[in-house]
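Number of protein chains: 2
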Amino acid sequence: MPLSSLDRATIREHIHGARPQAIVRLIGKWHPADIAPLFADLNPDEIRFLFDVLLSMRRADKTLKELPRDLLADILAVIEDEKLARMIAHAAPEDAVVLLDPLPPERRAVALEHAEPDKRARLNGILRYPPGSLGRIMSGDYVALSPHLTGPQAIDAIRHRGELETFFYVYVVGDGGRLVGVAPLRNMVIAPPERTLGEMMIPDPIRAEAMMDQEDAARLVTKYELLALPVVDGDGQLLGIVTIDDVLDIIDKQATEDMYKMAGIAGEDRVFTPARRSVRLRLPWMIFNLVTYLPVSLVIAMFEGTIEKSVALAAFMPIVAGMGGNGITQTMTVIVRGMALGELEFSSAWRALTKELAVNVAVAVVTGILLGAAAYLWKGNWSLGVVLALANIINTGFVAGIFGALIPLTLKAVGLDPALGSTIIATTFTDVFGFLSFLGLATLFMHYLA
Amino acid sequence: MPLSSLDRATIREHIHGARPQAIVRLIGKWHPADIAPLFADLNPDEIRFLFDVLLSMRRADKTLKELPRDLLADILAVIEDEKLARMIAHAAPEDAVVLLDPLPPERRAVALEHAEPDKRARLNGILRYPPGSLGRIMSGDYVALSPHLTGPQAIDAIRHRGELETFFYVYVVGDGGRLVGVAPLRNMVIAPPERTLGEMMIPDPIRAEAMMDQEDAARLVTKYELLALPVVDGDGQLLGIVTIDDVLDIIDKQATEDMYKMAGIAGEDRVFTPARRSVRLRLPWMIFNLVTYLPVSLVIAMFEGTIEKSVALAAFMPIVAGMGGNGITQTMTVIVRGMALGELEFSSAWRALTKELAVNVAVAVVTGILLGAAAYLWKGNWSLGVVLALANIINTGFVAGIFGALIPLTLKAVGLDPALGSTIIATTFTDVFGFLSFLGLATLFMHYLA
Numbered sequence: 006m007p008l009s010s011l012d013r014a015t016i017r018e019h020i021h022g023a024r025p026q027a028i029v030r031l032i033g034k035w036h037p038a039d040i041a042p043l044f045a046d047l048n049p050d051e052i053r054f055l056f057d058v059l060l061s062m063r064r065a066d067k068t069l070k071e072l073p074r075d076l077l078a079d080i081l082a083v084i085e086d087e088k089l090a091r092m093i094a095h096a097a098p099e100d101a102v103v104l105l106d107p108l109p110p111e112r113r114a115v116a117l118e119h120a121e122p123d124k125r126a127r128l129n130g131i132l133r134y135p136p137g138s139l140g141r142i143m144s145g146d147y148v149a150l151s152p153h154l155t156g157p158q159a160i161d162a163i164r165h166r167g168e169l170e171t172f173f174y175v176y177v178v179g180d181g182g183r184l185v186g187v188a189p190l191r192n193m194v195i196a197p198p199e200r201t202l203g204e205m206m207i208p209d210p211i212r213a214e215a216m217m218d219q220e221d222a223a224r225l226v227t228k229y230e231l232l233a234l235p236v237v238d239g240d241g242q243l244l245g246i247v248t249i250d251d252v253l254d255i256i257d258k259q260a261t262e263d264m265y266k267m268a269g270i271a272g273e274d275r276v277f278t279p280a281r282r283s284v285r286l287r288l289p290w291m292i293f294n295l296v297t298y299l300p301v302s303l304v305i306a307m308f309e310g311t312i313e314k315s316v317a318l319a320a321f322m323p324i325v326a327g328m329g330g331n332g333i334t335q336t337m338t339v340i341v342r343g344m345a346l347g348e349l350e351f352s353s354a355w356r357a358l359t360k361e362l363a364v365n366v367a368v369a370v371v372t373g374i375l376l377g378a379a380a381y382l383w384k385g386n387w388s389l390g391v392v393l394a395l396a397n398i399i400n401t402g403f404v405a406g407i408f409g410a411l412i413p414l415t416l417k418a419v420g421l422d423p424a425l426g427s428t429i430i431a432t433t434f435t436d437v438f439g440f441l442s443f444l445g446l447a448t449l450f451m452h453y454l455a
Numbered sequence: 006m007p008l009s010s011l012d013r014a015t016i017r018e019h020i021h022g023a024r025p026q027a028i029v030r031l032i033g034k035w036h037p038a039d040i041a042p043l044f045a046d047l048n049p050d051e052i053r054f055l056f057d058v059l060l061s062m063r064r065a066d067k068t069l070k071e072l073p074r075d076l077l078a079d080i081l082a083v084i085e086d087e088k089l090a091r092m093i094a095h096a097a098p099e100d101a102v103v104l105l106d107p108l109p110p111e112r113r114a115v116a117l118e119h120a121e122p123d124k125r126a127r128l129n130g131i132l133r134y135p136p137g138s139l140g141r142i143m144s145g146d147y148v149a150l151s152p153h154l155t156g157p158q159a160i161d162a163i164r165h166r167g168e169l170e171t172f173f174y175v176y177v178v179g180d181g182g183r184l185v186g187v188a189p190l191r192n193m194v195i196a197p198p199e200r201t202l203g204e205m206m207i208p209d210p211i212r213a214e215a216m217m218d219q220e221d222a223a224r225l226v227t228k229y230e231l232l233a234l235p236v237v238d239g240d241g242q243l244l245g246i247v248t249i250d251d252v253l254d255i256i257d258k259q260a261t262e263d264m265y266k267m268a269g270i271a272g273e274d275r276v277f278t279p280a281r282r283s284v285r286l287r288l289p290w291m292i293f294n295l296v297t298y299l300p301v302s303l304v305i306a307m308f309e310g311t312i313e314k315s316v317a318l319a320a321f322m323p324i325v326a327g328m329g330g331n332g333i334t335q336t337m338t339v340i341v342r343g344m345a346l347g348e349l350e351f352s353s354a355w356r357a358l359t360k361e362l363a364v365n366v367a368v369a370v371v372t373g374i375l376l377g378a379a380a381y382l383w384k385g386n387w388s389l390g391v392v393l394a395l396a397n398i399i400n401t402g403f404v405a406g407i408f409g410a411l412i413p414l415t416l417k418a419v420g421l422d423p424a425l426g427s428t429i430i431a432t433t434f435t436d437v438f439g440f441l442s443f444l445g446l447a448t449l450f451m452h453y454l455a
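Going down the list, the protein sequences come from chains A and B. Residues 6 to 455, numbered by the working numbering, are exactly what the first sequence covers, in order. Residues 6 to 455, numbered by the working numbering, are exactly what the second sequence covers, in order.
Check before you lean on any hint, since a few could be wrong.
Identical chains share a label here; the pair holds if one copy fits it or two copies do between them.
[As the list claims (entries may be wrong)] DSSO-like mimics (lysine-lysine), calculated; alpha carbons at most 30 Å apart, straight line:
id, residue 1, residue 2
1, K88, K228
2, K384, K314
3, K314, K67
4, K124, K417
5, K228, K34
6, K417, K70
7, K124, K228
8, K384, K124
9, K70, K258
10, K70, K384
11, K70, K314
12, K228, K266
Hints were generated in silico from the structure; no laboratory data involved.
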C-alpha cells in the first residue's frame with residue numbers, strides 16, 4: 006500500500022491541526038516502510054510532531070530505520086536528546102545501531118543514556134567495528150546451543166529464549182563459545198527425537214570474521230545460497246549473525262555505489278537529497294571533469310594550424326573521441342560489474358583484457374569503415390575517410406580496449422575499488438588519444454585533405 | 006574455496022588422461038558454485054567428459070544451474086539428448102526450469118522425456134509463463150496446510166512431507182486452495198501446543214500474482230523484509246513461492262541490466278562471453294552511437310565560418326559538450342537508480358525534476374565561471390570567457406538538468422524501462438546543444454573574439 010499524495014496531505018493537515026489520534030487511526034496498521042516516506046517533505050516542527058506520535062505508538066524506531074541514511078541524519082538532527090534516548094532504549098540492538106550510526110559521537114553517548122547497561126555495552130562494542138565491516142551490522146538475535154542437546158531439548162530451549170525476529174539455523178558452539186556446527190531448524194523439526202544437535206549439525210560451516218568487508222560477505226552468502234552467515238572473531242568464537250535480508254541491502258548499496266562511481270557521483274547524492282547538498286557533492290566531480298579537459302584542449306591547440314588549413318575537419322572532431330568514450334565505457338562496465346558479481350571466476354584477468362581488446366578492435370574496424378565511408382560520401386574526399394577510419398581503430402579499438410580493461414583491473418590489483426576509475430577519468434584517455442590520432446593523421450595526410 | 010588455476014590445470018589433465026575417479030576425488034566435496042567455473046575454459050569433448058563425471062555423481066543439475074545463462078546455453082548445446090534427459094529427470098523442478106530455459110523449444114521436449122508425468126506437467130506449466138514473470142521462477146517446495154491443525158499436528162504433517170530445501174512459513178489455505186494466511190515456522194515451535202494455525206497465522210498476507218514482473222516482486226520482498234513471497238493466480242489460489250535467495254538473483258540481475266543499459270550494452274554481454282558474440286552484441290549500439298553524431302556534425306558544419314575566423318575556438322569545443330555529457334549522466338543515474346530502489350517515494354517526479362534542474366544550473370554557473378576565467382587567463386580574451394561561461398550554463402545547467410530527468414521519467418511514464426535512455430541518447434542532446442550554444446554565442450560575439 007504505497008503512500009499516495011492524498012495521504013501525505015491528510016497527515017500534514019492533522020499535524021497542523023495537532024490531532025495525534027487522527028494520525029494514529031490513519032497509519033496505525035501501515036507497515037513502517039510505508040510510513041517512513043512521510044518524513045521526506047516536512048519542516049522541523051512537523052518532523053518533531055510526527056516523531057512524537059510514532060514514539061507514543063512505540064513505532065518510531067522501526068519507522069526511522071527505514072529511512073535512507075541521509076534523510077535519517079536530517080530527521081535525527083531536529084529530535085530532542087531525551088526523546089532520542091527513549092527511542093534507542095526500547096529499540097532492538099540491530100535497529101539501534103542503524104539509528105545511532107548517523108549521529109555525531111557526542112550525541113551517541115547522550116542517545117544511549119536510557120539504554121540498559123548490557124545493551125549499551127553491546128552497542129558500543131558494535132560501533133567500534135569500522136563502517137563497512139560485518140561487525141557493524143551483525144545481529145545478536147541468534148540461538149547458540151551445546152552439541153549434546155537433542156532436537157526436542159533444543160526446541161524447548163528456543164521456546165524459553167522467547168521472541169526471535171528471524172531464525173533459520175541453530176548454531177552449535179563448543180568450549181569457549183567456539184562455533185563447531187550449524188543445525189537447520191527444519192532438521193530439528195524433521196529428525197528423529199533422540200538425535201542430538203552434534204549428530205544432525207553441518208560441521209565446520211561457512212563463517213566470516215567480524216572485520217570482513219560487507220560486500221565480500223554478501224558474495225559468500227549469494228554464492229553458497231545461505232540464509233544467514235555466522236560471524237566469528239579471530240579465535241572462531243561466535244559473535245553474531247548476518248541474515249540474508251541484510252545481504253539484500255548490502256547488494257543494493259554496492260550496485261548503487263558502482264553505478265555512481267562510474268558516473269562520477271557520490272553515494273549520498275540521491276533523488277531525495279536536498280538540492281544544496283547535491284550541489285556540494287557534485288561540484289568537486291564536475292570541477293575535476295573540467296580539469297581533465299586541460300590536456301584535451303592542449304592537444305587540439307597543437308593542431309590549430311591543421312584545422313585552419315581544413316576547417317571541414319572540425320565537424321568530425323567529436324566523433325572519434327566520442328566513439329572511443331562509448332567503447333571505453335562499455336568495456337569498463339563489463340569488467341567492473343563482472344568483478345562485483347564474482348564473474349571473473351568464469352574467465353581471468355588476462356583473458357578478460359585480451360578479449361576486450363579483440364572485441365573493441367573488431368567493433369572499431371567495422372564502425373571505422375562505416376564512418377570513413379560516410380565522410381567520403383559527404384565530403385567526397387577519400388583521404389578524410391581513411392584518416393577517420395584509422396583514427397577510430399586506434400582510439401575506439403586499442404585505446405578503449407586496453408585502458409577500459411586495465412584501469413579497473415589495476416585499481417583492483419592495488420586494493421582500490423575498480424569502479425573508482427569512473428568514466429570521467431576513462432574518457433580523458435579516449436578524448437586525448439581521439440583528438441591526437443584524428444588530428445595527427447590529418448596533419449600527416451594534409452596534402453590530400455586540403 | 007574459490008577455484009585456483011592449479012585446480013583448473015589438474016582437472017584438465019585428468020580429463021585428457023580419462024581419469025573420472027581422480028576428478029571425483031578432487032571435487033567430491035566442493036560446492037557446486039565452485040565446480041561450475043571449471044566449464045568456462047573447456048572444449049566440447051572436455052565439456053562432455055566433465056558432464057559425464059558430474060552426472061555419475063548426481064551433481065550435474067546442481068552444478069550446471071550455477072552457470073551464467075549464456076555459458077549454460079553453450080554447455081547444453083554439446084550434451085547428448087539422452088544424458089540431458091537423465092539430468093532433468095532427477096533435478097528439482099526449480100533447477101529443471103533453469104536448465105530447460107536456455108534450450109530451443111524442440112530440445113525441451115526431448116529433455117523432458119525421462120521426467121515423471123507429474124513433474125513434466127508442472128515444468129511445462131511453468132515454462133508457459135512469460136520470461137521475467139514470477140510464475141517462471143516460483144517453487145513448488147512449500148507447505149500448505151488447513152487452518153484447523155494445531156502447531157504439533159502441523160509439525161507432524163511437515164515431518165511426513167519429508168525433505169524441503171528451504172522453508173520459513175507454513176501457508177494456510179482454505180477452500181479450493183485459496184491462500185488465507187501464513188504461519189511462520191518459529192511461531193509453530195514457540196506457540197502453546199493447543200493453538201491452531203488459524204489462530205497463530207498472519208491473515209491476508211502480502212502476495213503476488215504469477216504474472217507479476219520479477220523486479221516488482223523483488224521490491225515487495227525487500228521493502229517488507231519478507232523471506233518468501235507466496236505466488237497466487239487471479240482467484241487467490243496458491244501456486245508456489247518465491248524465496249529471498251531468488252530475490253537476491255533478481256536484484257543482482259536488475260542492477261546489472263540498469264548499469265548495462267546506461268552504458269549501452271546488452272545484458273548477455275559479460276566478461277566470460279566469447280569475443281565473437283560480444284562483438285555481435287556491441288556493434289549495433291556502437292553503430293547507433295555513430296549515427297547520433299550526424300546531427301552533432303551538422304551543427305558544427307553550420308559554424309565552419311565561425312571556426313575559420315577564430316580557429317582558437319576549436320580547443321574549447323569539446324569542453325562545453327563534455328561537461329554537459331557528464332552532467333546529464335549524473336542526473337540520469339540518480340533518477341534511474343532512484344526508481345529501481347523505489348526511492349522516488351521519498352520525493353516525487355516533479356520535485357525530482359525541479360531539483361535536478363536547480364542542481365545542474367548551480368553547478369553549471371560555478372564551473373562556467375571557472376571555465377571562463379581559465380579561458381581568459383589562457384587567451385587573454387574576456388569575450389571568449391563570457392561565451393564559454395554562458396554556453397556552459399545553457400548546456401550543463403538547463404539541457405543536462407531538464408533532459409537528464411525528463412528522459413527516464415518519460416520512459417517510465419509510458420511503461421518503458423527508464424534506463425533505456427542510456428548515455429548514448431542523452432549525450433546526443435548535450436552534444437548538439439553544447440556545440441550549438443558555444444558556437445552560436447561565438448558567432449554572435451565574433452566581433453569581440455576574432
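Against the structure, the hints:
no. : hint        : in the structure
1   : K88 - K228  : between (42 Å within a copy, 27 Å between copies)
2   : K384 - K314 : both (15 Å within a copy, 21 Å between copies)
3   : K314 - K67  : neither (70 Å within a copy, 67 Å between copies)
4   : K124 - K417 : neither (39 Å within a copy, 46 Å between copies)
5   : K228 - K34  : between (37 Å within a copy, 16 Å between copies)
6   : K417 - K70  : between (33 Å within a copy, 28 Å between copies)
7   : K124 - K228 : between (33 Å within a copy, 27 Å between copies)
8   : K384 - K124 : neither (77 Å within a copy, 66 Å between copies)
9   : K70 - K258  : both (15 Å within a copy, 26 Å between copies)
10  : K70 - K384  : neither (63 Å within a copy, 54 Å between copies)
11  : K70 - K314  : neither (65 Å within a copy, 62 Å between copies)
12  : K228 - K266 : both (25 Å within a copy, 25 Å between copies)
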